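Sequences and hints are given; from them, build the entire structure.
Here the protein sequences line up with chains P and Y, keeping their order.
The numbering of the first sequence is UniProt numbering, which starts it at 1 and goes up by one.
The numbering of the second sequence is UniProt numbering, which starts it at 1 and goes up by one.
Honestly, the hints are just simulated from the structure, not real lab data.
None of these values were measured; they are calculated from a predicted model.
Glycine included, each C-beta is placed from N, C-alpha and C at the ideal position.
Accuracy of the hints is not assured; some may be wrong.
Said to hold, decoys possible - Some, not all, of what chain P presents toward chain Y, calculated at C-beta under 8 Å:
id, residue
1, A61
2, E87
3, D90
4, Y91
5, I96
6, L98
7, G99
8, I100
As the list claims (entries may be wrong) - Straight line, CA to CA, 25 Å or less: simulated SDA-like cross-link-like pairs of lysine to any residue:
id, chain 1, residue 1, chain 2, residue 2
9, Y, K649, P, L71
10, Y, K646, P, N2
11, Y, K174, Y, L80
12, Y, K552, Y, D585
13, Y, K100, P, I100
14, Y, K635, P, G86
15, Y, K649, P, Q52
16, Y, K102, P, G99
17, Y, K646, P, T13
18, Y, K102, P, S93
19, Y, K174, Y, N119
20, Y, K384, Y, R497
21, Y, K646, P, P45
22, Y, K649, Y, Y31
23, Y, K102, P, L98
24, Y, K649, P, G99
25, Y, K174, Y, M187
26, Y, K100, P, G86
27, Y, K646, P, I96
28, Y, K635, P, S93
29, Y, K621, Y, N578
30, Y, K249, Y, K100
31, Y, K375, Y, S147
32, Y, K646, P, I100
33, Y, K256, Y, Q579
34, Y, K102, Y, I50
35, Y, K174, Y, D188
36, Y, K552, Y, K635
To be verified - Looking from chain Y toward chain P, a few residues come up when the C-beta cut is under 8 Å (computed):
id, residue
37, L56
38, V60
39, M234
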Amino acid sequence: MNLERVPNEEKLTLCRKYYLGGFAFLPFLWLVNVVWFFKEAFMKPVYTEQLQIKTYVKRSALGLLFWVTVLTTWITIFQRFRAEWGEVGDYLSFTIPLGIP
Amino acid sequence: MDLLSSKWLVNLLVCWFFIGVGCNSVEKKIYVHLNYTIPCVRLLNATHQIGCQSHLSGNVGVLHVLESEENLDWVLRSGLNPPYLVILESPLFTRSIMMKLKNGSSRVAGVAVVAANANPPDGFSPHTNCPNENTGVYTESYDPAMSHCNVTVWNPLGNGLSYEEFDFPIFSMKDDNDTLVIRQCYMDHNRAVNGSTPQYPLCAMQLFSHMSAVTNTATCMRRNDINFSISPEMVCDPLGDYNVWASTKPLNNTAKGHKDGERVVVAAARLDSRSFFFDVAPGAQSGVSGFVALLAAAHALRNATQEAPPPRNILYAFFQGETFDYIGSSRMVYDMQNNQFAVDLDNIHSVLEVGQVGLRAESKLWLHSDPVSRKNSSVDEEVKKLIQNLQSAATDLNVSAEVPNVSQPLPPCSFQRFLRARPIPGVVIEDHQSAFTNRFYESMYDNAEHLNISYPSNLTLEEQLEFVTDTAMALTEVATMVARTLYAQAGGAESQRNNINADRQIVTRMLYGFLVRSNNSWFQQLIPSDLMSHLTDTPTNFYVGVAPQTSKPTYLVQYLLANLTGSTVNITQENCQNQRESEEDKENKHMYFYVWAQGAALPNSTEREGFCTRSTARLVKAMSPAFDLREYTSKDYSTWTESRWKSIKGRIFLVASHELEMVTLGVGVGVLLTSLLLTYFMSSKADILFSSGREPANATY
Chain P
1 MNLERVPNEE
11 KLTLCRKYYL
21 GGFAFLPFLW
31 LVNVVWFFKE
41 AFMKPVYTEQ
51 LQIKTYVKRS
61 ALGLLFWVTV
71 LTTWITIFQR
81 FRAEWGEVGD
91 YLSFTIPLGI
101 P
Chain Y
1 MDLLSSKWLV
11 NLLVCWFFIG
21 VGCNSVEKKI
31 YVHLNYTIPC
41 VRLLNATHQI
51 GCQSHLSGNV
61 GVLHVLESEE
71 NLDWVLRSGL
81 NPPYLVILES
91 PLFTRSIMMK
101 LKNGSSRVAG
111 VAVVAANANP
121 PDGFSPHTNC
131 PNENTGVYTE
141 SYDPAMSHCN
151 VTVWNPLGNG
161 LSYEEFDFPI
171 FSMKDDNDTL
181 VIRQCYMDHN
191 RAVNGSTPQY
201 PLCAMQLFSH
211 MSAVTNTATC
221 MRRNDINFSI
231 SPEMVCDPLG
241 DYNVWASTKP
251 LNNTAKGHKD
261 GERVVVAAAR
271 LDSRSFFFDV
281 APGAQSGVSG
291 FVALLAAAHA
301 LRNATQEAPP
311 PRNILYAFFQ
321 GETFDYIGSS
331 RMVYDMQNNQ
341 FAVDLDNIHS
351 VLEVGQVGLR
361 AESKLWLHSD
371 PVSRKNSSVD
381 EEVKKLIQNL
391 QSAATDLNVS
401 AEVPNVSQPL
411 PPCSFQRFLR
421 ARPIPGVVIE
431 DHQSAFTNRF
441 YESMYDNAEH
451 LNISYPSNLT
461 LEEQLEFVTD
471 TAMALTEVAT
481 MVARTLYAQA
491 GGAESQRNNI
501 NADRQIVTRM
511 LYGFLVRSNN
521 SWFQQLIPSD
531 LMSHLTDTPT
541 NFYVGVAPQT
551 SKPTYLVQYL
561 LANLTGSTVN
571 ITQENCQNQR
581 ESEEDKENKH
591 MYFYVWAQGA
601 ALPNSTEREG
611 FCTRSTARLV
621 KAMSPAFDLR
631 EYTSKDYSTW
641 TESRWKSIKG
651 RIFLVASHEL
661 EMVTLGVGVG
671 VLLTSLLLTY
681 FMSSKADILF
691 SSGREPANAT
701 Y
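Below you can see the structure in the form of structure tokens.
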């Protein structure tokens, strides 16, 4: 969908949907929201709905940052300690690499 | 940057042209695949992993043919093109060299051992010097003074290589065309001539033996059970097979557990062996000598036990997987304790085990017994009787059977697992007084040559099968002695005893069949036709293998035992294969096992005249109870597993220098980027570049 051709009200609804959808443990929606609406929120000349869009984009970005931190931390810990955890590590794994601990 | 690299470029171009069609032949031009490669594979137990492992994409190293131990310096320090793939002649395959390579493994990509055509003169055993140290009867609690081979080190030549872990692949190669190609390739490209460094391209080898399992049995068995993914992948399998057993009087095999009034004399031998490499385990002295003697004894007893049945029963047991912490015997004892076997431990009168008996110095045999259980006077009395029976049988023959020092414990043997359960009288017959006479225990050299079995060169295959060697004669004597002793042990009449004689022709054929070629006319007669594919022209491999499968020697021993102890019955093929004597017969299958053997080939024809043999030879599972109990860290039972793998192969090829590889890659990337830029440029300036041609067309509309 080309945002250029969408009326401003619809942009706001779309942005809100993506923002709210992100709460269902879907950080990728927030990522899309940030990338997609960044220009709308910060670069375009001012229009009525822009303020609201700005808030959603900022919050999405914040949420995204939170997710990124949490996931990076967890993945680092998991990859570093999976072998040491032994049994627990195996049960937490979806695919277990062959031939290495 | 010479002929080779330009050849490479041409190959690459051709490949790009005929992508999908032509690439195969290009691959053939680059690589020479090795035909005969035997890997060393990874095995795991409760605490350790042993064996070898390559990377998932194989280990590549520049070939280096090691000439002496001093030459190692080139591989481990001074050589300029590490990592190296070391080619060893088998005399250099020693612990000291292998451990140096193991410790310098960042410069070692792998090792290929060229198998020798003759056995080394000094002896070689990659096994430990105290086999099955922790799972025999001599634990700290049984007798601290005898544990861990404190009294006798049974296998003093054992260097423990088979129980080391290497993080590079080790392959064994036959000395044939492959090794010729490798040597030639090394001579042409890699040899430093008078101090100069060898120039690229260099000859390299790639070995694949990536193992799926890792760490220990508990880990790999757990990973076998995790099936989150769409295609769950097994990583290891327990070692195991089937024990073979038979009895002189049929036992109801469907009714398990204690049989009232039944007394059995167990005659045991072990079936399996191993070596450093995966599927070469000839086990001539360590396994074959013992079980062939017992099979011949069983045959010798057939007539006597049918005509004048002794009061007690004789149970022949051939145990599988004994090399790996007594898998077979521990399982049978476990089954006896849990009423899962045709008899139980209370039914056992005594045990006579035939160990390594192929190499008798001064034709002496040694009768080993357990000093700890003999402290019990009733056991001691029975053991004394058994020894006396053995000695009186020996004096009639050309054998001298002697008793070693009383305070010496038993050598590694299946009987130890019976003693672990309870004190049972028993004797183990061996050809050594203390340490093994076997200089090649559990190695690839424990072969026919080691037992001095050789044939005059002018014999045909049929004549070789019937050619009686000195070893066969000696083993026949042992078999006769065992048979007479068993008959006496079972309470048979003394008058019958001297009529019991092992057939030396049978011993001869068995030795030939197991140690030289199983694909011989005699074995062919005795097996069912669907097992013909199991017969090969090479020595039998006695490695136990993984549990759900039945290995070749197990089948062979079962059918041999069936034919040697059973009798031919006149029933139809269909009834025979359905384990019954007539359509209405539902009883005999509990007592007997029927085999439809394919029989001898009729003269001038490929057809065979089959016959039905009725015997008591049966298979019973030989898988460690640890896997049924799911106790993967068990200290009582074997926990050995074998890793799975996807491909095992080796190939040689020429490698270009690192710089040339980088230049090629750089040029490729450069061409790609240029073409991208060019395309971008052309598309952005398309209106200018292609304007002249289009204008008249625009004008028309």
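Tested hints:
For P:A61, the shortest C-beta to C-beta distance to chain Y is roughly 32 Å, which exceeds 8 Å, and the interface hint is violated. For P:E87, the interface hint holds, the least distance from its beta-carbon to any beta-carbon of chain Y being 6 Å, beneath 8 Å. The interface hint given for P:D90 is met, as the beta carbon of that residue sits about 6 Å from the closest beta carbon of chain Y, less than 8 Å. At its closest, the beta carbon of P:Y91 sits 7 Å from a beta carbon of chain Y; the interface hint therefore holds under the 8 Å criterion.
The restraint placing P:I96 at the interface with chain Y holds, with a minimum CB-CB distance near 5 Å, inside the 8 Å limit. Annotation: interface hint on P:L98 holds; nearest CB of chain Y at approximately 4 Å, less than 8 Å. With its C-beta approaching chain Y no nearer than about 5 Å, P:G99 sits inside the 8 Å limit, and its interface hint holds. Because the smallest distance between the Cβ of P:I100 and any Cβ of chain Y comes to about 6 Å, under 8 Å, the interface hint for this residue holds.
Restraint check: the Cα-Cα separation between Y:K649 and P:L71 comes to about 40 Å, which exceeds 25 Å; the hinted pair is violated. A C-alpha spacing of about 50 Å is found between Y:K646 and P:N2, which places the hinted pair above 25 Å, so the restraint is violated. In summary, the hint linking Y:K174 to Y:L80 is not supported, as the alpha carbons are separated by about 29 Å, beyond the 25 Å threshold. With a C-alpha separation of about 31 Å, the suggested pairing of Y:K552 with Y:D585 is violated against the 25 Å cut-off.
Only pairs whose Cα atoms come within 25 Å are accepted, and Y:K100 paired with P:I100 is accepted, the gap being roughly 24 Å. Distance hint between Y:K635 and P:G86 is fulfilled; the C-alpha atoms sit about 20 Å from each other, no more than 25 Å. Of the supplied pair hints, the one linking Y:K649 and P:Q52 is violated, its CA atoms being roughly 64 Å apart against a limit of 25 Å. A C-alpha spacing of about 19 Å is found between Y:K102 and P:G99, which places the hinted pair at or below 25 Å, so the restraint holds.
In summary, the hint linking Y:K646 to P:T13 is not supported, as the alpha carbons are separated by about 54 Å, beyond the 25 Å threshold. With a CA separation close to 32 Å, the supplied pair Y:K102 and P:S93 exceeds the 25 Å bound. Straight-line distance between C-alpha atoms of Y:K174 and Y:N119 comes to about 14 Å, which keeps the hinted pair within the 25 Å bound. As the CA atoms of Y:K384 and Y:R497 are separated by approximately 19 Å, the hinted pair is consistent with the 25 Å bound.
Restraint check for Y:K646 and P:P45: the C-alpha separation of about 62 Å exceeds 25 Å, so the hint is violated. Under the criterion of a C-alpha separation no larger than 25 Å, the hint pairing Y:K649 with Y:Y31 is consistent with the structure, at around 12 Å. Proposed proximity of Y:K102 and P:L98 is supported: the alpha carbons are some 22 Å apart, at most 25 Å. For a cut-off of 25 Å, the pair hint linking Y:K649 to P:G99 stands: about 17 Å separates their Cα positions.
Under the criterion of a C-alpha separation no larger than 25 Å, the hint pairing Y:K174 with Y:M187 is consistent with the structure, at around 19 Å. For the suggested pair Y:K100 and P:G86, the alpha carbons sit about 31 Å apart, so the restraint of at most 25 Å is broken. A distance of roughly 16 Å separates the Cα atoms of Y:K646 and P:I96; the hinted pair therefore holds under the 25 Å criterion. Between the alpha carbons of Y:K635 and P:S93 the distance comes to roughly 29 Å, so the proposed pair goes past 25 Å and is violated.
At most 25 Å may separate the alpha-carbon atoms for a hinted pair to count; Y:K621 and Y:N578 meet this at roughly 21 Å. For the hint linking Y:K249 to Y:K100, the alpha-carbon distance of about 57 Å lies beyond 25 Å, and the restraint is violated. The straight-line distance between the Cα atoms of Y:K375 and Y:S147 is roughly 17 Å, inside the 25 Å bound, and the hint therefore holds. With a C-alpha separation of about 15 Å, the suggested pairing of Y:K646 with P:I100 holds against the 25 Å cut-off.
At roughly 19 Å between alpha-carbon atoms, Y:K256 and Y:Q579 fall within 25 Å of each other, so this suggested pair holds. Proximity of Y:K102 to Y:I50 is assessed by CA-CA distance (about 13 Å); at most 25 Å being required, the pair is judged to hold. With a CA separation close to 21 Å, the supplied pair Y:K174 and Y:D188 stays within the 25 Å bound. Restraint check: the Cα-Cα separation between Y:K552 and Y:K635 comes to about 30 Å, which exceeds 25 Å; the hinted pair is violated.
At about 7 Å, the closest approach between the beta carbon of Y:L56 and any beta carbon in chain P falls short of 8 Å, and the interface hint on this residue holds. Taking 8 Å as the C-beta cut-off, the interface hint given for Y:V60 is violated, the closest approach to chain P being about 17 Å. At its closest, the beta carbon of Y:M234 sits 11 Å from a beta carbon of chain P; the interface hint therefore is violated under the 8 Å criterion.
In this structure, the hints that do not hold are numbers 1, 9, 10, 11, 12, 15, 17, 18, 21, 26, 28, 30, 36, 38, 39, in rising order.
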